[in-house]
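*Asks:* Taken in order, the sequence shown gives residues 1 to 342; the numbers are from the UniProt record's numbering.
Read the hints as simulated data drawn from the structure, not as lab findings.
Glycine included, C-beta positions come from ideal geometry on N, C-alpha and C.
Be a bit skeptical, because a hint or two may be false.
[Claimed, not checked] Estimated spans, in silico, between C-beta atoms of each pair:
1) T185 - P142: 27 to 35 Å
2) W43 - K192: 35 to 43 Å
3) V44 - Y103: 22 to 30 Å
4) A262 - P170: 12 to 20 Å
5) G72 - G273: 35 to 43 Å
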Amino acid sequence: MRRKNVSVRGNLVREMMQNVMETSLKEPIQTGELRRNPVEPAWVCPAGYEYEIIENENSKMEYLRPVGVFTGRVILQLHGGGYIGPMKNIYRRFAVRYSKISYGGDVLTPDYRVAPENPYPAALKDALFAYQWLIEEKKYDPANIVIAGDSAGGGLGLALGLYLKDHNMPLPGGYIAMSAWTDLTNSGESYKTNYEIDPLFGNSTRNMLYDSSYVGENDPADPYISPLFGEFSQFPPVLLQAGSYEVLLSDTLSIAEKLKAAGVKHRLSVYDGMFHVFQMGLDLIPESREAWEEAEEFLRIIYHISVKPDGKVVRKVQNGEKKTVRDVTKLLIAMMKKELDG
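Work out the full structure, taking the sequences as your base and the hints as a guide.
*Replies:* Written out as structure tokens, the structure is:
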């Protein structure tokens, strides 16, 4: 007899895959239908946190803070979704994780405007508004702001940094970019070499990466749209993460090369066999867990947090177990993609 109650792990895998697959393949998100009518259960803020929705003229922002704690640290999270996807519950879970790994930091996640209704520069303007709000309204020191984003959000964060630098505005203390989409011209080598192995964007050009409605009538090579073509001198430290199976892998590798050429401190981590924004697995997938641990280490460095060891590691995941979980994840993706394509 099958379980009537789906396990926590089963629900998380399903939501993770559904989130990415809807964003990459389904038609409603291209037309804006999903943006106008998101289908998700209400999110419940976990105990120990305060959750506030900040309304402004063009969009809204979600502000998460630990109850009774103020560290002066804050993460500006820019969610993914190809500049056409809505704010979703997975990013609220990300916000909680960012707060934890920054040891009590606050997290602001703007629900920025997206295409097709609002092409460039709407998202960039909303991201800039959120950054300025943190500094001017909430009085955070720019050095204590870390801009974090995945996919389009990772690219948007780097584009925001280029805008700040070009306009002589204070830069943040650092960046975290997960599977960042930095080249909307889609010119990277991995768009070809990983075309047949990417479980999300592979074997098709009918997805959000091509003919992006965010670009509108603008040049996709504009650095504020595709930060890969920008100049990164004087940037703060950057953590770059990607999966080796990604069509977008070149977007991360090429940014790393530009950061190196500009003398910017950065860390590049490519996780073998992983797919686009595999960090959505949180603690479910060993590689995802390692990626979040790496992000925590990066934040400790940026924020100068000293942590004494607490206890000891009792059991480490063996390579064989990693491979098993990875294979199961690949199978789930393949099954869902087959269902959608059919």
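*Asks:* Run every hint past the structure and note whether it holds.
*Replies:* We went through each hint and held it up to the structure:
The beta-carbon spacing between T185 and P142, approximately 31 Å, falls within the hinted interval of 27 to 35 Å. Our hint of 35 to 43 Å for W43 and K192 holds, since their Cβ atoms are close to 39 Å apart. For the pair V44 and Y103, the supplied restraint of 22 to 30 Å holds, since their beta-carbon distance comes to about 23 Å. In this structure, A262 and P170 meet the distance hint of 12 to 20 Å, their C-beta atoms being roughly 18 Å apart.
G72 and G273 have their C-beta atoms about 38 Å apart, which keeps the hinted 35 to 43 Å range intact.
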